[in-house]
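Enquirer: The primary structure of each chain is shown beneath.
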Amino acid sequence: MSLLRGLLGMELIGISVRLFLDFQEKPASLDSALILDVPLGVISRIEKMGGATSRGENSYGLDITCKDMRNLRFALKQEGHSRRDMFEILTRYAFPLAHSLPIFAFLNEEKFDVDGWMVYNPVEEYRRQGLPNHHWRITFINKCYELCDTYPALLVVPYRASDDDLRRVATFRSRNRLPVLSWIHPENKTVIVRCSQPLVGMSGKRNKDDEKYLDVIRETNRQINKLTIYDARPNVNAVANKATGGGYESDDAYHNAELFFLDIHNIHVMRESLKKVKDIVYPNVEESHWLSSLESTHWLEHIKLVLTGAIQVADRVSSGKSSVVVHCSDGWDRTAQLTSLAMLMLDSYYRSIEGFEILVQKEWISFGHKFASRIGHGDKNHADADRSPIFLQFIDCVWQMSKQFPTAFEFNERFLIVILDHLYSCRFGTFLYNCESAREKQKVTERTVSLWSLINSNKDKFKNPFYTKEINRVLYPVASMRHLELWVNYYIRWNPRIKQQQPNPVEQRYMELLALRDEYIKRLEELQLANSPKLSDPSTSPSSPSQMMPHVQTHF
Amino acid sequence: MEFSELIRTGQAQAELLRGPEMPPLRGTLCVTGHHLLLSPGPQATPDLWLLLLRSVDSIEKRVAGDAGTITLRCKDLRVLQLDIEGVEATLDIARSIEALSSLESVITSFPFFYRPKGLRLGESWHFHPPERYYKRVARETRAWRLSEANEDFSLCPSYPRAVIVPRAVDDDALARSAHFRQGGRFPVLSYYHAPSGTVLLRSSQPLTGPQKRRCAEDEELLQAVLAGARPGSRGFIVDTRSAQAAKQARMTGGGTEAKSAYPGWKRLHRPLERGRPLQESFVHLVEACGDLEQSMDRWLSRLDGCRWLSHVKEALSTACLAAQGMEWEGACILVHGAEGTDSTLLVTSLAQLILDPLSRTMAGFQELIEREWIQAGHPFQLRCAHSAFSHTRPKHEAPIFLLFLDCVWQLGRQFPLSLEFGEGMLLALFDHSYASSFGTFLCNSEKERCLCEVRTRTHSLWSGLNQPKEQRKLRNPLYAPNPLAIWPSVEPQSLQLWQGLFLRWTHPPEPSEVAWEKVWQIATDQEKTEGSQPTDSASEPQP
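Line by line, the protein sequences are chains A and B.
First residue of the first sequence: 1, per the numbering used here; consecutive thereafter.
First residue of the second sequence: 557, per the numbering used here; consecutive thereafter.
Hint data in this document are derived by calculation from the structure and do not stem from the laboratory.
Model, not experiment: these values are computed from the prediction.
Possibly wrong hints are sitting among the right ones.
[Unchecked claim] Derived DSSO-like pairs (lysine-lysine); straight-line CA-CA distance at most 30 Å:
1. K276/A - K370/A
2. K951/B - K403/A
3. K459/A - K1074/B
4. K463/A - K1074/B
5. K111/A - K403/A
6. K522/A - K768/B
7. K1029/B - K469/A
8. K691/B - K461/A
[Unchecked claim] Pairwise CB distance ranges (calculated):
9. K768/B - R493/A: 33 to 41 Å
10. G204/A - R969/B: 24 to 32 Å
11. S873/B - K226/A: 36 to 44 Å
12. P283/A - S710/B: 53 to 61 Å
13. M511/A - P1037/B: 32 to 40 Å
14. P1037/B - S82/A: 51 to 59 Å
15. G320/A - L573/B: 23 to 31 Å
16. T468/A - Q804/B: 54 to 62 Å
17. K403/A - L914/B: 27 to 35 Å
18. R854/B - S319/A: 50 to 58 Å
19. N225/A - R574/B: 36 to 44 Å
20. R854/B - R493/A: 27 to 35 Å
21. R574/B - M202/A: 52 to 60 Å
[Unchecked claim] A short list of chain A residues far from chain B (calculated; beta carbon distances all over 12 Å):
22. T53
23. T65
24. L90
25. F140
26. L154
27. S250
28. S296
29. K304
30. G320
31. P406
32. Y467
Note that the Cβ used here is the ideal one computed from N, Cα and C, for glycine as well.
Please take these sequences and the hints and turn them into a complete structure.
Expert: Structure (structure tokens):
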């Protein structure tokens, strides 16, 4: 990393810390003081390096570890104890939870034209899917989060399952996360259902209600004789979970179901893998055996497994072979990845900007992906074992898909990066807390601003100009290592040697061409109007260039 | 020789499998002098499938029962499978293909028979004569002149008839310098960089030998180069071998420029891989890309192990070094390795693409390839005799030109708007350099092409590619002229496997083509609208 020398100043502005570096010797590449805007929420750890007696250059100062793949290191002068104040202020505001301070989103008074909290309305979303119908009903049984405290208030369940059935099934599922509908195929009516693992335990417990309930789900489609259960975990992990009371659906108990393991590893493995990615890209990129080092992080291999799993789910449902139940252990990490990615492959609606926001809001936020625990908003315990980049991994999978299908998504890469930036920033309430019940208790929608307000009030910035709207096309990405890439623009964006091409030159050029075309069309129209008053009748005036060309030519 | 002697059979019934994404074709298979034909019958949509036999790299036959299978691995990296009825027919067809695809004679090759509609023979050979460029430089600088000392190819058999040399050096001195350089490749101008007034030169190694011989005329020539540039100009000699290898070359009569003999010139060694190691890297890479069984978790380290991307990185870095020398240091650059026909050309042509906006246009790029590869004597016939599948032990094969195209592809990926041509152009050049209906890449030098009368008896690839119907495939719809130098990043994470080439036939149909189609639509709509836009005077109402 390049070493910059100067006077460090600091200003806390609302939710971010602004670090000024005033140079004694100005590097040629910079024409003014360097200003680093670091959202306080992005800081995962602040450490002092060196003590009053340390000697040697750059041995005394502050080391700041960030959640977004960078570290900042400031070497300070020992005199004047400036470091102590800086350290204390930073710690206090970066980790408000430890100091009984509110998270910044609650102090944010930004105003936007659009209210992002209005984007997701579960009833509307299920209605879009054609629900309720003869086989599926919407239930408010979880209105007060009594059935399952990490589920949303509104659930879609089989018509034939009574509320009592639901209560009994919930007792047999880890954290009461009973099987509920995520998505239904508009034509063949097969469904994606999500849940947590059954509480089988060492003794191999069974639960008649759970068995019957899954059979009821199967029977919502007459022609299907087997229900497919995808357990996201590796087989051995599923077996090991029996020791702690969990497990999986056995053949004997669930006659009409077949179970497949998808071999996706747990949150700890993913965290370690991302840590290795950071090691090879920051502060210096491992050059000599780049590809081998990249391989040894296993990050792309994990991406591949997640995508492969989602493809299998999507294929089952799209082919109408069977309905699918997806679970892992608790059903809030890998399960969310699989259902949301499969839905993205199956349903083109989720590939629009608003559709994607709804997808995130529904499958991740409302169904209790533990954002607070996985990201550690405002928490100083950086080494907490609950941290894991599960959501980042999901966004990476989305990026891989958008690379393979450049016309299928309404949003661009910037949209994904902004989502990730605000996953950590704490500027918006969107990703705060672990589940809907906690959010409701804190009145998050009333007291904070939604990230979608920022995005939707400035949508053009996030649009993919190549987007071609299509309906009913199922996307099957190629999940082979040959076709997966490291997302350089995200993971290596802080490396000074990677030239940031902002905005993307291809997109920009394309927009220019579009604008030029529009301008010519407009000028042609004007000229036509000027030339032939007869044609100025709006009902006959041509609207598309192909229609108007003949007109123009007849004049010459 | 009659082709009919080599054709063992007239025809057979066969089914052709073209990979997972394409439907199989069934019909009558037939071998002709230059082609393999499959005619699926009059009702079928593609009424004829045609393969140039020259593009077959290796052939494998298997028989079982009363049928046989022939696997053809093509030079464009495609793998085709033919299921043929009848054992005899299979063996006959296989033998015919084997014999016809490995014919060595140039003048019986297909370009000498290819007479497409709409093209006139001989007319397009003058599209990119290098003399035009040389004359322009001579006019602009006054320090350089066009010499026809090599008119009869006697000074240097691998140079064209006309070359450009310092005005201060006469033809006799050139002859002596030629004598002192391997293969007679004395230093000649490759590119004049007008903004800095410096030049890029190329040559082969000096024949210093173990006695460290010197050649006064050769030294004068390089002295004259510096004198012709800005006062006080320095020079760098970029030797594409390691210092060690350059020293060792003395034992076999070669060597490198001694510091004391060439004041003002500084030598830099940037070893680039060539010859067999490069060919092996290519073979391993193609093997890895075609190995669909391979367990997925080893792919990246296998890709690493092929070292192809490191060769790309080294080639681009060396080209950057040469270009920086000119643009930033105001220095003259001489590039050579040993023979000066391979990695030398790789470096000089890439350096021009980096510096010269003209060479990034469609016409400029064709001119660059004509001048820096074809006329400069890259031995295409030897280097591209076989591609990655051949079972025969490689003799002279090496994918230097492919490495160049890959580097250009990387430039295009990093500067998506700066090249007027697109990936389609690079793929076409790769295909045609290994097997073509056109004469452009035939033979090893201009001398050989003259002997074979390639210019008058075959069509030029450029005339084929410049037909209007080819443009959409070859051009970059987003092109916007960029007057600046384009400095590529050579960090390993900035370089990528060229999937469009190496995974061309295993990849599912590229959905990005949809996007490009849309861009083309917009780009051409805009041109059309622009073209038909009435001028002010024309739009005045008629009285």
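Enquirer: Taking 12 Å as the cut and beta carbons as the points, is K304/A off the interface with chain B?
Expert: Given that some Cβ of chain B is not farther than 12 Å from that of K304/A, nearest at about 6 Å, it is violated.
Enquirer: Check whether the Cα positions of K951/B and K403/A lie no farther apart than 30 Å.
Expert: Violated, at about 41 Å.
Enquirer: Indicate whether the distance between the beta carbons of R854/B and S319/A respects the range 50 to 58 Å.
Expert: Roughly 31 Å apart at Cβ, these two residues miss the hinted range, so it is violated.
Enquirer: Holds or violated: is the Cβ of L154/A farther than 12 Å from all Cβ atoms of chain B?
Expert: About 36 Å separates L154/A from the closest Cβ of chain B, which puts it past 12 Å; holds.
Enquirer: Run the C-beta distances from L90/A to all of chain B and say if the shortest one exceeds 12 Å.
Expert: holds (32 Å)
Enquirer: Is T65/A truly not at the interface, in the sense that its beta carbon sits beyond 12 Å from all beta carbons of chain B?
Expert: Check passes; 22 Å lies beyond 12 Å.
Enquirer: Does the claim that F140/A lies off the interface hold, with its Cβ farther than 12 Å from every Cβ of chain B?
Expert: holds (42 Å)
Enquirer: Mind checking the hinted window 52 to 60 Å against the Cβ distance between R574/B and M202/A?
Expert: Cβ of R574/B to Cβ of M202/A: about 55 Å, so the range 52 to 60 Å holds.
Enquirer: Does 27 to 35 Å hold as the CB distance between K403/A and L914/B, or does it fail?
Expert: holds (33 Å)
Enquirer: Quick one: are N225/A and R574/B within 36 to 44 Å, going by C-beta?
Expert: For N225/A and R574/B the Cβ distance comes to about 38 Å; the hint holds.
Enquirer: Could you see if the CB distance from G204/A to R969/B stays within 24 to 32 Å?
Expert: Given a distance of about 56 Å, which is not inside 24 to 32 Å, the answer is violated.
Enquirer: Does the beta carbon distance between K768/B and R493/A stay inside 33 to 41 Å, or does it fall outside?
Expert: The hinted range 33 to 41 Å is violated for K768/B and R493/A, with Cβ atoms some 53 Å apart.
Hint compliance for this structure: hints 2, 5, 6, 8, 9, 10, 11, 13, 18, 28, 29, 31 and 32 are not met, and every other hint is.
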